[in-house]
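Please model the complete structure; the sequences and the hints are all you need to start from.
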Amino acid sequence: MVGKIDLFMPPRSQYGVLHHFTEKLAEAFTRQGVESTILEAEWNNPKPFLDRLLSNKPDCTLSFNGLLPDDEGRFFCDLIGIPHVAFLVDSQNQFFPLIQSPNTIISCTDRYTCDFFKGVKSKNVLFVPHGVERELSPDPEPLKTYDVVMLNSLIDYEEMRNEWKEKYPPIILEAMNEAIEATMADNSTWYVQAFVYSLDRQIELKGAIDPRQVDFPTVFDDLEMYLKGISRIQLLRSVKDAEVHVFGAGVEGKSWKHFIGKDMPNIIFHEPVPYGQAMEIIKQSKIVLNICPWIRNGSHERVLVSLALGALPLTDENLFFKENFENGKEIAMFSYPEMDKINDQINEYLSNDSLRDAITKAGRAKVLKHHTWDSRARQLIEELTPILNAQKSSKG
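Under our numbering, the sequence shown is numbered contiguously, ending at residue 398.
It is possible that some hints are incorrect.
[Said to hold, decoys possible] Ranges of calculated distance between the beta carbons of each label pair, as one might list FRET restraints: (1) 104 with 207: 39 to 49 angstroms; (2) 5 with 220: 39 to 49 angstroms; (3) 35 with 56: 18 to 28 angstroms; (4) 381 with 123: 18 to 28 angstroms; (5) 80 with 243: 52 to 62 angstroms; (6) 117 with 71: 17 to 27 angstroms; (7) 206 with 50: 21 to 31 angstroms; (8) 92 with 40: 11 to 21 angstroms; (9) 42 with 104: 18 to 28 angstroms; (10) 155 with 245: 15 to 25 angstroms; (11) 372 with 104: 26 to 36 angstroms; (12) 356 with 203: 46 to 56 angstroms.
[Stated by the list, open to error] Think about it this way: if two alpha-carbon atoms lie no more than 30 angstroms apart in a straight line, the pair counts; the simulated DSBU-like pairs of lysine-lysine are: (13) 125 with 6; (14) 123 with 256; (15) 123 with 394; (16) 259 with 363; (17) 363 with 242; (18) 242 with 264; (19) 324 with 343.
No wet-lab data here; the hints were simulated from the structure. Glycine is no exception: its CB is placed at the ideal position from the N, C-alpha and C atoms.
So, in structure tokens, the structure goes:
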């Protein structure tokens, strides 16, 4: 049984998301009877952090997105001899070095990412989706200020793809282009798998390449960022009638309107907001748009948070959401290749309050029963126990 877990507060987090997750998971561990302390290191004064950690050693430590090695390739958990859970909620592409650490346990929010790490011989890999705090709830008499909301930043996917022509050799570029087409053609193809398949095909056609000359993490990262950027614009372009409020950062030199066109006055843009304010906006929204074609068998917190706060998420299908929520009864999903149907979906849900409310209430009940941080804490305790016991036994 896991008795004590120390959580490390991340040094930085866009919009404060990871700080929020850390606090709520720590509270959930405490409710499950696990002693849980949040530790935060100061860059210029690490001694208080180390003293607190080592004076009462935990069974393991945990941080969202984990701890990468230092400049000499050393992992903190290996230096102090305490197992560390790297709870990855961002792209796996920045965290491949984690497989080199014998004391790091990798947790992923997408099953395909888990399969990837296992495929490169990472021993301890867990699938743990996002969670939400159990106390989230809609306002008693919600004022629905916004018909439709999207909370995303703008990505210049056009410039990114133009740069690939100089950045990558032709065989890699062709495989990337094929991977994008394959990923956007259905709801289940993962872009990493699509690229690997396409590269194999290109090699068969054009001859072998030296894999050491391919920076795979950068290729995967570029593919993911491109899919993020183009899918957000495609989603906005699909909404012809309803007023959509977009809260998100732009890019230097280009506005959202550069990408969606000037003929969509129904799309209204706002500055990005911190995570706490974003949740208040969700409370005031009827529909929250979500699109994540780079996640094909996993979770995204925006969907779970929206349901918990009484807003209907309209999200692209993936295997995880189809497995856990019934479309049209507990969640609203669309097929990525059929985005031309989104406008009618939105119009239907906005014109039928009772239908929208029924779906949201049923989805909220499912979230609070199965997808809170308390559920994730129980799962982690159960699955970490044999791993930690085995590691202790191996050390004698």
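Problem set entry | Hints not upheld, ascending by number | 7, 14, 16
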